[in-house]
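Q: Build out the structure end to end from the sequences listed, making use of the hints.
Protein chains: 2
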Amino acid sequence: MQKTKYSSGILQYIPFFYVIWSDDLLSASEIEVVKKSFEHDESLIDSDKNTMLEWLKRDHPPANTELKNWKHTISNSGVKLVESETYPLSSFSQKLVCSYKSECPFNEQLKHIEINLGIQPNHYNHLFEVAVVHEKTSNYYNASELDALLKGEHAEHLDAFRALLADPIFDWQIKRNKEDFRQKVLEQVKFLGAKGYGAMAYPKAYGGIENMPAYAHIFENLMYVDGSLAIKFGVQVGLFGGSIQKLGTKKHHDHYLQDAGAVKLLGCFAMTETRHGSNVRGIRTTATYIKETEQIVIHTPGKNDNKEYIGNALHAKMATVFAQLIVAGKNEGVHAILVPLRNENHELLPGITVEDNGYKLGLNGVDNGKIWFDQVLVPRENLLNKYGDIDTTGTYQSEIKNPNKRFFTMLGTLVGGRICVARAGLGGAKMALTIAVKYALGRRQFNDSVKIQEDLIMDYPTHQLRLTPKVAECYVHSITLDHIMQAYADDTSNDKRKIETQVAGLKSIITWFANDAIQECREACGGKGYLIENRIADLKGDVDIFTTFEGDNTVLLQLAAKGILSDFNSEFNSAGFSSVLKLLGSQISDKLTTINPVYSNKIDKEHLFNTKFHRHAFQYRTRRLTYTLAMRIRSYIKKGMPSYQAFLKVQDHLLALGKAYSHELAYHMYVNFTENIADEKNRLLFEKLGTLYALNQIKENAFWFLEQGYIGSTKSKAIRQRVERLCSELRPHMEVLVDGFGIPDHLMTAPITN
Amino acid sequence: MQKTKYSSGILQYIPFFYVIWSDDLLSASEIEVVKKSFEHDESLIDSDKNTMLEWLKRDHPPANTELKNWKHTISNSGVKLVESETYPLSSFSQKLVCSYKSECPFNEQLKHIEINLGIQPNHYNHLFEVAVVHEKTSNYYNASELDALLKGEHAEHLDAFRALLADPIFDWQIKRNKEDFRQKVLEQVKFLGAKGYGAMAYPKAYGGIENMPAYAHIFENLMYVDGSLAIKFGVQVGLFGGSIQKLGTKKHHDHYLQDAGAVKLLGCFAMTETRHGSNVRGIRTTATYIKETEQIVIHTPGKNDNKEYIGNALHAKMATVFAQLIVAGKNEGVHAILVPLRNENHELLPGITVEDNGYKLGLNGVDNGKIWFDQVLVPRENLLNKYGDIDTTGTYQSEIKNPNKRFFTMLGTLVGGRICVARAGLGGAKMALTIAVKYALGRRQFNDSVKIQEDLIMDYPTHQLRLTPKVAECYVHSITLDHIMQAYADDTSNDKRKIETQVAGLKSIITWFANDAIQECREACGGKGYLIENRIADLKGDVDIFTTFEGDNTVLLQLAAKGILSDFNSEFNSAGFSSVLKLLGSQISDKLTTINPVYSNKIDKEHLFNTKFHRHAFQYRTRRLTYTLAMRIRSYIKKGMPSYQAFLKVQDHLLALGKAYSHELAYHMYVNFTENIADEKNRLLFEKLGTLYALNQIKENAFWFLEQGYIGSTKSKAIRQRVERLCSELRPHMEVLVDGFGIPDHLMTAPITN
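Sequences listed follow chains U and E, in order.
Mapping of the first sequence onto the UniProt record's numbering: residues 1 to 754, in sequence order.
Mapping of the second sequence onto the UniProt record's numbering: residues 1 to 754, in sequence order.
There are no misleading hints in this set.
The list makes no distinction among identical chains, and a pair is therefore deemed to hold if it is satisfied within one copy or across any two copies.
Straight-line distance between alpha carbons at most 30 Å, and here's what the computed DSS-like set of lysine-lysine pairs gives:
(1) K101 x K111
(2) K591 x K717
(3) K71 x K638
(4) K68 x K562
(5) K562 x K699
(6) K699 x K717
(7) K699 x K602
Hints listed in this document are in silico derivations from the structure and should not be mistaken for laboratory results.
A: Put into structure tokens, the structure is as follows:
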């Protein structure tokens, strides 16, 4: 038995006081937690309580000599810290008292502090200078429960699909030569088609189960196999098949849809041209109707007006070609026409030229190519005529009279693809983060001179800051994308325009997030992350282009911002636009209350962790940006500037609004989901992940909130500290969190994760 | 002759007023410029002056109806705007008066305003609704003059070298198979060796010209050919040859140095181990001296203690191996020993195992491999013995008694390599930016409905914001790296430790900058940037690892921060460390004056463009971060926390300080350079680039400056506006600016740049 000057009553609290004061995060409410524990602690006499109350004064913290006494008391105890215990600090305290005194009952009040202050072993294990029984990872949470929450109602489909991915056809290997790689991916796509997965989103009559949301999940899982596979599969069944499904009518469905889904008819989606990527309305390919023969002539007018970057261009038998439809000499705008490209022997048909796009930064298993049409004839029936048709008399017909609206309705069919691209990006981020986290839990580097073993790199605060907020963001966006897909797939919805705007924004922030996450993982794994065998390199190369295709992110964000400005319905450039902006401005202005200085400097944990605060901050930002944007544009227009130019002047502001709105939306959807998790333990975890996401977002945009006076300096720093602290709190659960992504073991082939 | 209600005197000023008021950037000092022009303008009568003075009141701006009148006056004039004129707005004004009145002399006062307000055609050409004779690029500056300023005293070497790079051996081609690629790069390296470029940094006696600074420039230029070539060349002559030069003595130089430089003796640099990358001191390979035979036994103790990621491992005949030197049973710390790897027939020598690292994200032309040694014997002479030797009696000798200092002295030899890596990263960024800018000057997308031609994407504000600050940063870092290399190459300097610290920081910020720049260029070029043929993809893959090798950036920045904290000399973890921190704290505290609110909200152009403001902001940030860091660490230590743990707790703060210091340093060096540019026109341009860099840095870290109250909200917004404005002002010069990087035409092979 050692000697100590402290009473038993005080002794049991000493580890707690030492932990509390070694850091500077003690808030008023946390002091209350500790005080309350004294009050309910029957083992304490009044003089003990008074002594300890003295130690709880934020303005008069205990002297450093006192802290050193505590430290010696702890170090000299010879007690081991066992991280895997349910209440490691309370257990440690109990054993500490035992080592000095004869009696040592377990004190429930200590447990109460430990829980309510969220004290984690990795916050204090380095402070004690005692033997530590380390725990690399905690099993407090259960990965398959987390996975189940993310899978939601698609669990059955996903489990079957993940099992299928164990088929040797999906074995990962390095493929440098594009011809071999494309051949391999083609076989995989055909295999999936044969198993029925290509038709998942199609009606039952064509081999499907009409389940687009489940399809999106499967699409994400394909990223764990290979990015090229996901994209080629998406081109075949989502873009080519999808265009037939959404733009065609029964005759096209009956002819082609089943074969497209079963990957028996290979096709491509020929929209983009070399000179027209983002500006689809300006494409130059023409589809001229010949009344006499009831044929359509597909033609590429200039050398550089070819279709560009068309996935499946080298394997396809047919293409959905977007072209300016000219009927009786009048341009009726962009329409889609099915054009056969090759015959049964895979020879190009007359008038068609295809050129390989060659090697790319990634996705080399996808055969992208350029296509030219030289007066190619197809029958009138090949026009995908759901939104515009040519009747037997050679007259153009459409139920949508406004050509602008017609164009956007047709483009609306791309929206599902955008959700899937975001989903695939997210899958890439999850894969990279899983690899990086597992590596960080095995890799050691540097140490304290007294230690034999070097530290795990996952225990470095900078490493935690690199990876943990990104893991949290993956959880948030998993839910976000589920919700937006459900909204999109709901045919009864009247909010189509709004959903399209939201998808545009979410696709942008999520694909950028995915790229950042993968890059961070590459660097976090050092040179090992650079080796192809460890998978992150390919993910980086593959996901990179997601920020560009299916809509360039900067263009999409401007689209989103314009949608917000017009409240998702009014047309731009119209005469009344200025008054729309004025109305919008005054509406928002009423809601933008002045921020109270007490609020802008409130740093209590209860406040910072409150979803109300997060929601308010996100909403304030969106509203304020909308208001100032509307006012700026209006002022330019009033000075006589054409609205096109006015929008150019505020381009950066548009991007900021698009991002702000999308993050608000993502958090909103996520919180709605977490509030309904039945199991409390998991609900609290999901809430914590949401809090980390929200605080990290505010931290990343702190300059703006500070500029607006929405947060003060103290609050800005407190938010930063809370982000660091949350990362540290989640440290023991990192492995479970990434396992919760549900990436099948048979696809985790990176040698550094073993 | 049209009609107008304005007098000739006023009429000539109308385009100026319209331009000024269409924007919101008019500052007090700019109003003064305009007022002064009135005063000196003899063509004005008093009533004209009074009318126009009314139009200059910031608090009572002209009514929108007045602006519309101006606009109509301009639009109805039928005058063309010719952007290529020397003073386009003044000329336009002159012609405007001519179109309404009979006499129209050129007014010098207008020219005065145009110059002093920095009004550029691209600020107003969209406002006028008149015919515009566009200028894609301006020839006001001369690219070869800019190039000459960047080449400095190395012009002769560089010009010769760039001409040599036209040799067909450097022709760019896609190489997917690593064996072919490596063979090609090997031939190129041998070619450069034969031409004498390998020995540039070596003494004359060994075939060189002892010019390390010129070598660094050449190294940057190799990136324009291929990243693998640069890196393999650097491994051979910089790391392998460099280790012989810097760690060896005359016997080694005489034996090996000439052949290393001429690339006749291929070698590698075997430092990193699988389990020890950043923590070199912990490497496990042993070099045990056997007194009896005067031999050293090189041995890899465990399966995972192999040398890892060693460049040239498959081609090398010899390696500089870093190992724990054990003499008479005592570990004398890490030393370098020359170890032959293969015989003349390129067969591995007994006891040596080499394994290919396989495919990587980039640099696949470099043969990286793993090496194991199984009791390999080399003679005593093979110890590179400049800093530590074994004498003939078998006793270890070193002039540097402190093992710690000895270790860091040896590692100091890596510093030159770090500068070169940063230089190569910079070269990658320049190449990517050149491609992206040229593409943006050719690519059109979208347009105003009234225009026939779509807009150049370089004319989009967001595109300018993406690329222009990065072009400016390339200029800044070109100068920075020149200066730091000169300091490093100066053998008489006593500041070795300080220079090493500075290099650590600069290498980190520049390689990160390079990666960001290349990524931005990839996205700015859309799908075209993704094609290998357009070069950016390979640059991305190659430069990616620069953030990791030659020192991981996060580790280097911590090193830099610790150097700053210790004022570049004192040892850490020593007993007196806490008092060093205390002293440092009080020293800085005296200098950290409170920021005056007038200063923190000063937004005049003269102030925002003043280098004094930039320097002060950078310095304030470094000092403040140093002070708060020192105080935090000291407080932890006083509470009894071991210093190793205290440093862990502040890891993120260390990174922030390392970055802040490095940016301050870069700007400091750059300004010293620009102040001495003789030619005024170019000096002003360089100053403008420096201003853009400085303001952009403050903008990027605005959250911190706002938190500290160093800048207020108004100033933060003004800085953002100035960054946008500077990008717009530099828009006409973008092509000349990237041409100023001096990348030879014969290496600009990307099809999108043509």
